[in-house]
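The task is simple: from the sequences and hints, build the whole structure.
So the protein sequences, as listed, match chains Z and A.
Residues 92 to 377 (the numbering used here) are what the first sequence spells out, left to right.
Residues 563 to 722 (the numbering used here) are what the second sequence spells out, left to right.
Among the clues, some could well be false.
[As the list claims (entries may be wrong)] Quick partial rundown of chain Z residues pointing at chain A, CB under 10 Å, derived from the structure:
no. : residue
1   : F98
2   : D108
3   : E111
4   : V117
5   : M257
6   : I265
7   : T276
8   : L284
9   : C291
10  : A294
11  : V357
12  : S368
13  : P369
[As the list claims (entries may be wrong)] Sample of chain A residues facing chain Z (criterion: CB under 10 Å; computed from the structure):
no. : residue
14  : D628
15  : V682
16  : A683
17  : Q685
18  : V686
19  : V687
20  : K689
21  : T690
22  : L691
23  : D695
24  : S697
25  : K698
26  : V699
27  : A700
28  : G701
Because the hints were derived from the structure by calculation, they are not lab data.
From a predicted model like this one, the values you see are computed outputs, not experimental measurements.
Think of the CB as a built atom: it goes at the ideal place given N, C-alpha and C, for glycine as much as any other residue.
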Amino acid sequence: MAHAWRFEAIGTAWQIDTQEPLAADVEAAVLARIEDFDRAWSRFRSDSIVSAAADGAGEWVLPDEAGDLLSFYDELHDATGGAVNPLIGRALADLGYDADYSLVAAAAPSAVPPWSSVAFTAPVLRTVEPVVIDVGAAGKGLLVDLVSAIVGRRTQQLTVDASGDMYHRGASPIRVALEHPLDPTRAVGVAELQPGAALCASATNRRAWGEDLHHVLDARTGRPTADVIATWVVVPHSCMRADGLATAHFLAEPEVLMARFQHDFVRMHADGRIEWSPEFPGEIFT
Amino acid sequence: MNLPAHKKMLSAAAAASVLLITAACGSSDEADASPEPTATSAAPTTEPPADAETPDAGNEEAGYADGDYEAEGSYTNPGGQSTVKVELTISGGTISDVAVTPEATNATSKQFQTKFAGGVAEQVVGKTLDDLDVSKVAGSSLTSQGFNEAIESIKAEAGV
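Here's what the structure looks like:
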């Protein structure tokens, strides 16, 4: 597409491609939406709702998107036997991925509280102890959906790419290289993203800070995953679901997820083995 | 856009995982699910050798006789009895080629099996990005300045 708007937000690079430059008010609305989202959900800023909930038990009024997000987390938690759980935040921080980027792991990281220990009745989340919520598994994808909706009010053709989590709507598909997790100059395959589809990539190579330390945790153990090193998921219409399923493929067997969620996937293991769903829209370079 | 059909080159690990998948989606009480080799009397096993010093699941080549093998696994699902055919070639003690063919007769089973018979490759080769006509790259998220700076300072402290 002819025009690209690039910016950095929520700790990553964004690019929005459109046929015509976006109007100033649309750009402002996008940035305001991202700011609202961040102020609610970021555990990296002290003024967020999530940070308040980390300090004490209470009742927290969450923004509108919480309904979709937390009910999807319910589905993921159920499908992965509890491996996906947004209450991993404190364990993640203890391992070094904290607001100050200390990147130093505590000797005894916190256990992850059960997801059932909190209760959500829109719009209120009730907690009985301080909990650190981390919506890293699906939050960025959801934000891509929210931004796409704003941009999509004014233009039919758009691609919103939050550094590997993307939604595409246009007259024709786009081709997306699947970056080799061990060599960013290579691709393990290409996805063909149809109009209306979302693609999310997740890999443990960049957000890693030490031996076996990275940002994808198994909530059942409180430790980073080891076997799977990269996943890609394509889902029609929902970047949130693509994002969450990209995380889930680190933590559950593909046949379980394929039976339960409409999506296509590619996943790569530490030993170089790669698997993909038979109808994955694209090509794997074996 | 023309894209080649999915390849069905699978690995030793793939054979094991496909069979496990078959078992997992069946009712698991089937005595007839064990693959039977047809090309040789040396029955291959999907169990890795019991060797405490090599816990890696990849070490499965020991004890396989060279040849072409064909096996069928069947299982019961809500749509009835279903089978998948697995053909594999062993050369030099390792599995060099595997093809998995769903043999379901009803549509529901076929859909399930098609999902389970997805592609697997032992070692992905990849291509350089320069050789590809793509408009986007999707990998791990580019990280923020803060994270990258923290990593750099840790490396400096550690002297790596």
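Status of the hints after comparison with the structure:
Below 10 Å, beta-carbon pairs count as interface contacts, and F98 of chain Z has none with chain A, the closest being about 12 Å; its hint is therefore violated. A cut of 10 Å between beta carbons decides the hint on D108 of chain Z: the least distance to chain A is about 8 Å, and the hint holds. Interface hint status for E111 of chain Z: violated, as the beta-carbon distance to the closest one in chain A is roughly 18 Å, over 10 Å. A hinted interface residue such as V117 of chain Z counts as satisfied when its beta carbon comes closer than 10 Å to some beta carbon of chain A; here the least separation is about 21 Å, so the hint is violated.
Given the 10 Å rule on beta carbons, the hint for M257 of chain Z holds: about 7 Å separates it from the nearest Cβ of chain A. The criterion of a C-beta within 10 Å of any C-beta in chain A is met by I265 of chain Z, whose closest approach is roughly 5 Å, and the hint holds. Hint status for T276 of chain Z: holds, given a least beta-carbon distance of 6 Å to chain A, under 10 Å. The beta carbon of L284 of chain Z comes within 8 Å of a beta carbon in chain A, closer than 10 Å, and the hint placing it at the interface holds.
The interface hint given for C291 of chain Z holds, since its Cβ lies 8 Å from the closest Cβ of chain A, which is under the 10 Å cut-off. Against a cut-off of 10 Å between C-beta atoms, the interface hint on A294 of chain Z holds, since the closest Cβ of chain A lies about 4 Å away. A distance limit of 10 Å between C-beta atoms decides the matter here; for V357 of chain Z the minimum to chain A is near 9 Å, and the interface restraint holds. Taking 10 Å as the C-beta contact cut-off toward chain A, the hint placing S368 of chain Z at the interface holds, the least distance being around 5 Å.
Because the beta carbon of P369 of chain Z sits about 5 Å from the nearest beta carbon in chain A, less than 10 Å, this interface hint is met. Hint status for D628 of chain A relative to chain Z: violated, with the closest Cβ pair at about 23 Å, above 10 Å. Annotation: interface hint on V682 of chain A holds; nearest CB of chain Z at approximately 5 Å, less than 10 Å. With a least beta-carbon distance of about 4 Å to chain Z, the hint placing A683 of chain A at the interface is held under the 10 Å criterion.
A cut of 10 Å between beta carbons decides the hint on Q685 of chain A: the least distance to chain Z is about 4 Å, and the hint holds. Taken as an interface hint, V686 of chain A checks out: its beta carbon lies about 4 Å from the nearest beta carbon of chain Z, inside 10 Å. The interface hint given for V687 of chain A is met, as the beta carbon of that residue sits about 6 Å from the closest beta carbon of chain Z, less than 10 Å. At about 5 Å, the closest approach between the beta carbon of K689 of chain A and any beta carbon in chain Z falls short of 10 Å, and the interface hint on this residue holds.
Taking 10 Å as the C-beta cut-off, the interface hint given for T690 of chain A holds, the closest approach to chain Z being about 6 Å. Restraint check, L691 of chain A versus chain Z: the minimum CB separation of about 6 Å is within 10 Å; hint holds. A cut of 10 Å between beta carbons decides the hint on D695 of chain A: the least distance to chain Z is about 6 Å, and the hint holds. This hint holds: S697 of chain A has a C-beta 5 Å from the nearest C-beta of chain Z, less than the 10 Å allowed.
For the restraint placing K698 of chain A at the interface with chain Z, the shortest Cβ-Cβ distance is roughly 4 Å, inside the 10 Å limit, so the hint holds. A hinted interface residue such as V699 of chain A counts as satisfied when its beta carbon comes closer than 10 Å to some beta carbon of chain Z; here the least separation is about 5 Å, so the hint holds. The restraint placing A700 of chain A at the interface with chain Z holds, with a minimum CB-CB distance near 4 Å, inside the 10 Å limit. With 10 Å as the threshold, the beta carbon of G701 of chain A comes within range of chain Z, its nearest partner Cβ sitting at about 3 Å, so the hint holds.
Comparing the model with each earlier hint shows violations of hints 1, 3, 4 and 14; every other hint is respected.
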